[in-house]
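Colleague: Listed below are the residues making up each chain.
Protein chains: 2
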Amino acid sequence: VREIIALARKEQVDSVLAVGGGSVIDSGKAIAAGVYLDDIWKAVTGEEGITKALPIYTVLTLSATGSEMNGNAVITNSETMSKLGFGSPLLYPVFTIIDPTVQASLPFRQTVSGALDATAHILEYYFAEEDAIATNAINTALLKTIMDMTDRLQEDAADMVARANLAWCATLALNGISGVGHQGGDWACHTIEHAFSALKPQIAHGEGLGVIFPAWIEYMNQKMPGRFSGWAKDVWGEDNVSLALHKFREKISAWGAPTSLRELGLQSEDLPTLLEIITASGTLGGFSKLESADIEALLMLAY
Amino acid sequence: VREIIALARKEQVDSVLAVGGGSVIDSGKAIAAGVYLDDIWKAVTGEEGITKALPIYTVLTLSATGSEMNGNAVITNSETMSKLGFGSPLLYPVFTIIDPTVQASLPFRQTVSGALDATAHILEYYFAEEDAIATNAINTALLKTIMDMTDRLQEDAADMVARANLAWCATLALNGISGVGHQGGDWACHTIEHAFSALKPQIAHGEGLGVIFPAWIEYMNQKMPGRFSGWAKDVWGEDNVSLALHKFREKISAWGAPTSLRELGLQSEDLPTLLEIITASGTLGGFSKLESADIEALLMLAY
Chain A
8 VREIIALARK EQVDSVLAVG GGSVIDSGKA IAAGVYLDDI WKAVTGEEGI
58 TKALPIYTVL TLSATGSEMN GNAVITNSET MSKLGFGSPL LYPVFTIIDP
108 TVQASLPFRQ TVSGALDATA HILEYYFAEE DAIATNAINT ALLKTIMDMT
158 DRLQEDAADM VARANLAWCA TLALNGISGV GHQGGDWACH TIEHAFSALK
208 PQIAHGEGLG VIFPAWIEYM NQKMPGRFSG WAKDVWGEDN VSLALHKFRE
258 KISAWGAPTS LRELGLQSED LPTLLEIITA SGTLGGFSKL ESADIEALLM
308 LAY
Chain B
8 VREIIALARK EQVDSVLAVG GGSVIDSGKA IAAGVYLDDI WKAVTGEEGI
58 TKALPIYTVL TLSATGSEMN GNAVITNSET MSKLGFGSPL LYPVFTIIDP
108 TVQASLPFRQ TVSGALDATA HILEYYFAEE DAIATNAINT ALLKTIMDMT
158 DRLQEDAADM VARANLAWCA TLALNGISGV GHQGGDWACH TIEHAFSALK
208 PQIAHGEGLG VIFPAWIEYM NQKMPGRFSG WAKDVWGEDN VSLALHKFRE
258 KISAWGAPTS LRELGLQSED LPTLLEIITA SGTLGGFSKL ESADIEALLM
308 LAY
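So the protein lines, in turn, are chains A and B.
If you're matching positions, the first sequence starts at 8 in this note's numbering and goes up one per residue.
If you're matching positions, the second sequence starts at 8 in this note's numbering and goes up one per residue.
Since the hints were derived computationally from the structure, they do not count as laboratory data.
Fair warning: there could be bad hints in the mix.
When chains are identical, the list treats them as one kind, so a pair holds in a single copy or across two.
[As the list claims (entries may be wrong)] Below 27 Å or equal to it, Euclidean Cα-Cα: the simulated BS3-like pairs (lysine-lysine) are: (1) Lys254 with Lys230; (2) Lys254 with Lys240; (3) Lys296 with Lys230.
Isolated chain A, as found in the complex (with noise of 0.2 Å):
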């Protein structure tokens, strides 16, 4: 990224155009406020704020971060192995082209991550406030039309109605509708995936969240009970929030995602630097907190 900054610095380069998934939105996103920055780097750690900015312009090829519709962008810094996120309203892009037709010859697997990635964000903002009625109803609708389309996908790559509801929901699930009334959500789990990819960056970041979120629904569940039932009976049809897990965890298996950290190939000796990466950043969680001994269960019972 800070050489591509440097380049667009020196060819005097007018605007963004990026063409991929959510990855290469957010390096987009980083040169644009980067040619007007000293160090892109210090817009993630608070040192430098983005005043101004390339105008953006997106084509996506991969349905998942819902980056092509919003400010945000999320970067690794490989010295720190620290995956963050910076963000402006000068970093929304001015288009964003979405053709289910350029997403036909996607893998399934990469499917599945984006569609996990969606389902993880809208659940990032779930649980917040419970008198958001409105939202998780909508909330309930994209997490169950996502699970329907890639159901779809998996029976046909080329359904492409399938193909373009699942882009709209991934769009819809981090542009703002999905969190309206939630306070901004929790994004626990994000911080924690995050950590697993940047520790092993061939770790897709939508099958950490897959491993991640039912782990932190399972541990959660036993902090606030009654918190989670309205996700279980709206969403999977369950009074039991165990037995909605149950499904959840056999929907992600079903798609051949792992449920598990050794599924995803990190040992039980990866668990203290993992640990380490993670609590960096301080305390994490929106509504709620999760202290460094929170984590560690966390990551056991993920394990």
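With chain A's structure known, arrange chain B on it following the hints.
Modeller: Chain B only, in chain A's frame:
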């Protein structure tokens, strides 16, 4: 509206603050565009284009039309008894304040009118495209939430959680979200209802829609069998459209709103005048065209 436009020109006002419901906001939009036009009605008929408008700010005292989050407006020409719409991205409010406590003192009848208007906005899109799966999952969620929140407000007008969630649903019903993938929707029922309230201004727009929409579904279900079964099943839990319609009308009745033209205060001798007003704007309907004979049959069915 013309008088206020003249006054606004004379006083050289630089912005419009609309405090009220849909009619007030729509009048505000007419004023905002009108100060730069020869005559605002010419924008409705298409003789004059809107190329400039004052900035509009809105405070919503009644959630119904969704006018607070779009660039459209409907006004009545009392000389011609025409109630017609116009719009421009320039008429999109700069900001909108929706405070549920401000709406706490609304009579239940007004709350129901708003709920029925929002319901009708969603239904105008709902049946247009069967492939709009994600959008209709959201629409189903909105329709059910609108009903649940209205039921709660019938019990307790000061239920602020219900008021806030109803308000948000009403905004989402016409800010674009509910229409994604629906090619503009149908809007025949809206045009027909505008004739009711143009002829008898005491008829609340929402109450008129509560009469005409079930009749339209009943009529169209004969012409397009199968098209309405998704709505019947997802919103009403019925495999049979007639049973779903029965529940729909029962719900409207339970809220104390009319379910026939007669109950709206229209007489059989009004029907020819209504037909004349309605057909004056040509063929009706976006995806399903209604000829004069269809509208006549529909009015009889609604009578």
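Colleague: Against this structure, judge whether each hint is valid.
Modeller: Comparing the hints with the structure gives:
1. For the identical chains of this complex, Lys254 and Lys230 are intra-copy neighbours only, at 21 Å inside a copy versus 41 Å across copies, given an alpha-carbon limit of 27 Å.
2. Taking the shortest Cα distances, Lys254 and Lys240 sit within 27 Å of each other both inside one copy (12 Å) and across copies (24 Å).
3. Taking identical chains as interchangeable, the C-alpha atoms of Lys296 and Lys230 lie at most 27 Å apart only when both belong to the same chain, with a minimum of 11 Å there against 57 Å between chains.
Hint violations for this structure: none, all hints satisfied.
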